[in-house]
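K.L.:
Residue strings, one per chain:
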Amino acid sequence: DGGITQSPKYLFRKEGQNVTLSCEQNLNHDAMYWYRQDPGQGLRLIYYSQIVNDFQKGDIAEGYSVSREKKESFPLTVTSAQKNPTAFYLCASSMQSQGPLHFGNGTRLTVT
Amino acid sequence: GQQLNQSPQSMFIQEGEDVSMNCTSSSIFNTWLWYKQDPGEGPVLLIALYKAGELTSNGRLTAQFGITRKDSFLNISASIPSDVGIYFCAGQFTDSNYQLIWGAGTKLIIKP
Numbered sequence: 412d413g414g415i416t417q418s419p420k421y422l423f424r425k426e427g428q429n430v431t432l433s434c435e436q437n438l439n440h441d442a443m444y445w446y447r448q449d450p451g452q453g454l455r456l457i458y459y460s461q462i463v464n465d466f467q468k469g470d471i472a473e474g475y476s477v478s479r480e481k482k483e484s485f486p487l488t489v490t491s492a493q494k495n496p497t498a499f500y501l502c503a504s505s506m507q508s509q510g511p512l513h514f515g516n517g518t519r520l521t522v523t
Numbered sequence: 051g052q053q054l055n056q057s058p059q060s061m062f063i064q065e066g067e068d069v070s071m072n073c074t075s076s077s078i079f080n081t082w083l084w085y086k087q088d089p090g091e092g093p094v095l096l097i098a099l100y101k102a103g104e105l106t107s108n109g110r111l112t113a114q115f116g117i118t119r120k121d122s123f124l125n126i127s128a129s130i131p132s133d134v135g136i137y138f139c140a141g142q143f144t145d146s147n148y149q150l151i152w153g154a155g156t157k158l159i160i161k162p
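Sequences listed follow chains A and S, in order. For the first sequence, our numbering assigns the number 412 to the initial residue and increments by one for each residue that follows. For the second sequence, our numbering assigns the number 51 to the initial residue and increments by one for each residue that follows.
No wet-lab data here; the hints were simulated from the structure. Please note: incorrect hints may appear among the correct ones.
What the hints assert, rightly or not - Pairs of lysine-lysine residues, derived as BS3-like cross-links and limited to a Cα-Cα distance of at most 30 Å, are as follows: (1) S:K101 x S:K157; (2) A:K494 x A:K420; (3) A:K420 x A:K468; (4) A:K468 x A:K482; (5) A:K494 x A:K425; (6) A:K468 x A:K481; (7) S:K161 x A:K468; (8) S:K161 x A:K494; (9) A:K420 x S:K120; (10) S:K161 x S:K101; (11) A:K494 x A:K468; (12) A:K420 x S:K157.
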């Protein structure tokens, strides 16, 4: 079955450590996105990529980095520079920059 | 920046009741989208609206794109236990997904 796989489901890290969240899709979608979800707030866009080897900052890119070396993969690194990294992170993809977003099941990151 | 006001924040209803939620914006949108998020999963697209005044149904769900293009509502008829979750509206000025604006969500809880 085609879909988006995010791993791990839960991630715990100590403050000051970088951590990388995985996102893989086998939908053959060109565009991929990373969102952050906090309770009581709408989804906020961190980074997006419309094509391999290219990505753009979203609304809250500070403290995060991404890469897009393969069409299927769009990992997100939460760096120690991110002031409040504890959140639920959602990866999504779409056929192009238009069309319905398909979401993964998220990674819940807890930093203590 | 652009803002979407989604209400109510949460709803406690009896099984079988009808549900209504809405989103309003200070800006005009070209597209309104309604997503549902089940606990521990990513959001799934329910209904997409592309034209002012458009009324679209998906089973027991009905959504409308307001005439002013600044609002949208979602109705659920005869609610059932699997309707629980968080419902998000999202507005779009252009065709590009990276310019989606998200509401904060409406949490639907069904009283036993």
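K.L.:
Tell me, in ascending order, the numbers of any earlier hints that this structure violates.
P.N.:
Violated hints: 7, 8, 9, 10; rest satisfied.
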